[in-house]
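**Q** Each chain, letter by letter, is given below.
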Amino acid sequence: MSGAEDAFLAGTARPRNDDPVLLPGLTLGSLTDRIAALALRERAFFWWWVAVLPCASLTLVLFGSIIWLFYKGIGIWGVDWPVDWGFAIIEYVWWIAIASGGTFISALFFLMRVDWRTSTNRIAESMTLFAAACAGLFPILHLGRPWLFYWLFPYPNTMGYWPQWRSPLLWDFWAILTYVSASLLFWYLGLIPDMATLRDRAPRRGKQVLYGVMAMGFRGTSRQWRHWHATYGVLAAIMAALVCSVHSIVGLDFAGGATIGWHATQFPPLFIFGAFLSGFAMVIILLIPLRRLLRLEPMITGRHLDVLCRLLAVSSLALTYSYMMDAFTSWYGADAAERTMFAARATGMYWYAYWATIVFNVSLPQLMWFRRLRMNQIVVLLICTGVIIGMWFERYEIVVTSLHRTHLPSAWGNFHGTYWDLATLVGSVGFFFFGMLMIVRFIPVISMSEMRSLVQRQNS
Amino acid sequence: MSASRQWRSLAELENDPAFIEHAIQEFPSLREALAAPQKRRRVLRLLAAALATGGLAGCYAGEPGGHLIPAVRNPPNIIPGLPNRYATAHVLGGHALGTVVTHQMGRPIKVEGNPYHPSSLGATDPYAQAEVLGFYDPDRAMLISNNGTAASRQALLAALVSAQGVIAATSGAGFRILTGATSSPTTERLMARILAAYPEARWHVWEPVNRDNAMRGTALAYGKPMDVVARLDAADIILGLDSDLLGGAPGWVRYARDFASRRNPTRTKTMSRIYAAEPSPTLLGSIADHRFVAGPAEMAAAVTALAGAVLHGTSTEAPRWVGPVAADLKAHHGRAFIHAGPGQPAETHALVAAMNEALGGRGATYDVIDPLLAPAASLDALIADMQAGHVSTLLMIDTNPVFTALGTHDFAAALRAVKFSVALAKAPDETAALATWTVPMAHDWETWGDARGHDGTATIMQPMALPLYDGMSAAEIITRFIGETPGTDLATVQDTWRDQFGTSFDTAWRQALVDGVVAGTASTPSDVALSGSAGAITPPAPPAGLRLLFRPDPRLHDGRYANNPWLQELPEPLTKLTWDNPLLISPDLARRIKLRAGDKVNLRTSAGAITMAVWVQPGQAPDVMLAWVGNGRHVTGAVGTDIGWDVYPLTGGDGSATIEKAKGSVELASTDHHNLLDYGTATVDTIVRHASLDEFAKNPRFAKEAPTPELYWRKPPGPVAWAMSVDLNSCIGCNACVIACQAENNVPTVGKEEVLREREMHWLRIDRYYEGTPEAPDSFFQPMLCMHCEKAPCELVCPVGATVHDSEGLNVMVYNRCVGTRFCSNNCPYKVRRFNFFDFAGEDNRPAVSWNPDVSVRARGVMEKCSYCLQRISEARITADKENRRVHPQEVVTACQAACPTQAFTFGDVAQPASDVAKRKASPLDYALLEDQHTHPRTTYEALVRNPNPAIKEALG
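Residue numbers (numbering that gives the first Met the number 0), protein chains in the order written: chain V, 0 to 459; chain W, 0 to 956.
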């Protein structure tokens, strides 16, 4: 790296809110060089190894817990009677919400031709991919007989068996299946031109073949570019709709039940708001360290931080509205059991979950109103981590406290997660970051093809 | 032995040289044993062992010897898939409850009540229901042992012969027999013979859960001990003083039926009124119209005051409720009945007898009969003799005094001093562990016997199966002590009845077996007169201060059922506790010494001291502590050892006790996970709908709700509509239905840890609610099982259609289709679904043959719930199909319905207007629980009506 470039970077290390979306000084060539070099490095960064080891261990913890779960049964978790759903559902909703936020950035803002989206979409999409992978795991783990999960699939069989289409869980099965496969396609499609670039630049035969296969014969002809642009646009349009459908249906998993605390028409939008909030938070959590560690400051600027923080604040406000409506309908609905449950939720033995939700998801993001705080990377990281924790507690509160006070007091009960519950949770976090680290190592973290068009537009 | 070899009997194998040769290779000692032909049993044992390990040597390719004939004919009377039913009785504390045992392919799998038996009338108690598991208990005694080492039967018989020689030579001096209480004519006959043979010998009886106080009380009143048989159907007013009339008293199953016949105002002309005064809640008190909390001191005062008012017409101030109660009793002359529990002193029992006589109920609301239990000397006398060294030979039959003797006695030390002691025991226990010889006892289902019900009616008990283990019967060991070679138990029992049955013995015997009762054996009411001085007795005033009372464990009786997991896991009716027996303390005492449920305390009486946990019992008198004896077994099977606390060491004192908080606490597994009295904004009123008789008279339809509009409603099709009605006026919370359901439907037990984690599996639970203050709450029972909603929320949310509706309105579970999403349980407003979080059924400590073959055993990860006993419906459906007719409305009886002593459950085809269930659903009291959820449940309830006395409210202010 030249001395001039170092000086250039030193000046950009601190984000400022009046930063442009792309710092001046980048050319088409230097941009591609910088990003491709990250993926084609012969040796990984030292910090990468430091990060990968704990994440890999946690991934092993996850798969160890899964093996024990399959061997021993769902009883190793804290789920009980009447709280029949527990950590598995909480984490499923938590991860799928994080995933949805990523799609929101990459697809919806693509359609809106927002320029700041360009340098963040690869990270957001990869985040979606691995969050959705984590999310997709949990509904299967959740089952009492996970080896029979494929019975949700309508296939011809000799058992005379057919799925039951009125169940929200079946809608959910389809929503997830569609969403995960579409996310993968979308991510991969966006990757194809970059794979071609890496193929052309790879120093060694192995990598050339690997990236060559992944590039699927993309040679950069105008015809290919035209098709690519059209397909990408169509997929983005589908994804933008899917991000809403998948999380609405997750909301319907709850709202579709006659269970108190769940049976509310506002659940689909409430869940979407939550998805946006946690998605933005997770993108920021990934962007800030990567920006620094991979020296991406010219491409991920104060402008990105600023706009994401503002979006975080907006989605927090939308969620606040939903929380208020939740409390209001519990009271206004005049159902005694609903009120008892809500009182127990706010003041009972799980009060901390409710108030953690409020503090982390409602109060904390309000700090984003302050420009100086938005530009303080440590503060922003802390707030976003708080939001991710708060969103977990929101699901805990929705799943557990709704179930623990049902219509008949004789069936009231409590829920306590076990160490296996925790191991699975922590393991899934490790698995997610492990996946992200693999992306950082082998895949361009910023879409080179889209960035080039941005640079070109800016330079012209 | 190769897998292809077949054999018909051990004897055949024994004579098969190829097999013998092979067996000798496996077990070299077999050659010696074969050389000594007198040791035939030993040979058979070794052969059996060789058989058992035969599979290991599967490659053995010997020539098959002899002729092999496969079983081409079934054993007589057994049709695969169809049940056989045989009458017998369940005996507890000497009293018989007539039962009918259902067999499948020759193996007993379910107990029902015997409708011909006056103590049962077709119903059972939880103990009788749980006997299936007791019979198949893998921990039952199966080895003869001598001082702790296994011994042969020959050695035992030799020892018995030499012991008998000594006894005969000394005409029984130093020979004592200790048994539990018995009403068996055969046992009595044998005892009379042995005592006649050895004039110096003595027979002692020890029953830890006894009614000695009542016996002494009637002795005071009538001049000799008498039994009282109540007729609650004729009683308008019932007063229970610390009474176990509905749960414990001999004949309580029958009493519960009689009680219930007068409790539903839509079916009885005059509703009875129940008063209960008690130091700690009983089942009678829990369902009483008025329940008065009375500690021992207040109880003594109340009994004196009541006797004064009833016998002498004196008026009294304290306690304030006595005046109106006495007036009510007197106003119903000839239709009132007072019952005192076994915990009350003899003087109280005497006064109660005098009051009952004065109230004119004799012959109407109760009868007095001669005592049913055979008279014998006491345990105290035996221990005194043992300590004095007068006892050289002690035969103990089915009794466990080392565990159950009063804490003031040291039976174990006395037993060690006895030179030759024999314990005939059904299961390993503390006494057998210390006896010189331990002999496994034949289970009641493995031998012949007889016993009498609460009114004296005799039952001849026939064996239900070939002995599982090599047990010896009581009759056999007694006969051996007499010095005779025992005949079969059948012959012994037949000898008892030969005189009575007279010339037509065979017919009468057969009839007795078929009916399960011996006709005409009920005791005739005695005409013994009340002694003049009975009314002048005053109960002793107990000292002030904390009192410790003892009651039998509501689940384990005196401890004999401790190894029965169904009973261990049965939620106690009021506390809903399983697996434990903490000390029950009053809310007041809990406040005073700052105790919470589960906290440990040091409890001390003059007899001993232990550290145990407490449980706060609403409605318990402030200065009363109640301990359940029976749990805390030290020596028994794998299930019951070291569960709970042994409180027998505290018994035998004067009742005073001290308590202090100890360090630490334990988690107690109650299935009632909520705060006792705080139901949030939910009120008991909406769940267990209830009113007073006056309110009912004003508005009989008080329980009905105005229907609310709903969007979508489609009535299930089908000409048959199974439905159930549960009468809350009848339910006494006794738990018989819970165990009956567990037995019928292969419901697994989960163990204390899993109950603590809220994973109990009972398909039918009895919800208990409180209303009022913790000091004196009203309590309510509500059996809760699958409602079979016509619009079932569970069905909608299952993605794989594992729970669906059938054309007859049943909400059925397809276990094999269930993948375990558990959404159905979340969506069930009644929370009646249970989930197999682990392989609970696989881990159950019971042999495979004990499961009901008509019901699937559920796998891990599968949801399950009440099916309205679908297998019984199916059976009726098949029978009806074969006869080309419709299923009769009353043809199907569910397990809970059959077991219920009070007939609280009615089940049938509601589409047939003539059915009982249709009639009950037409009752103005009928209501659907959580009607506003629009689930249209097929199970509905009849609202509870209580019959309070307005004068009480005035008196209490």
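Mixed in with the good hints, there may be bad ones.
With beta-carbon atoms standing in for the labels, derived distance ranges [what the hints assert, rightly or not]: (1) W/Glu774 with V/Trp330: 32 to 40 Å; (2) W/Arg319 with V/His415: 20 to 28 Å; (3) V/Leu421 with W/Thr610: 29 to 37 Å; (4) W/Thr610 with V/Phe152: 54 to 62 Å; (5) W/Asn844 with V/His415: 47 to 55 Å; (6) V/Leu421 with W/Glu774: 37 to 45 Å; (7) V/Leu316 with W/Glu770: 44 to 52 Å; (8) W/Lys714 with V/Ala229: 51 to 59 Å; (9) W/Ala317 with V/Thr417: 53 to 61 Å.
With the C-beta cut set under 7 Å, the calculated list includes, among others, these residues of chain W facing chain V [as the list claims (entries may be wrong)]: (10) Leu219; (11) Gly501; (12) Ser503; (13) Asp505; (14) Thr506; (15) Ala507; (16) Arg509; (17) Leu795.
Since the hints were derived computationally from the structure, they do not count as laboratory data. Just so we're clear, the structure is a prediction, and the values are computed from it rather than from any experiment. No residue lacks a Cβ here, since even glycine has one placed at the ideal position from N, Cα and C.
**Q** Does the structure break any of the earlier hints, and which numbers would those be?
**A** 2, 5, 10, 11, 12, 13, 14, 15, 16
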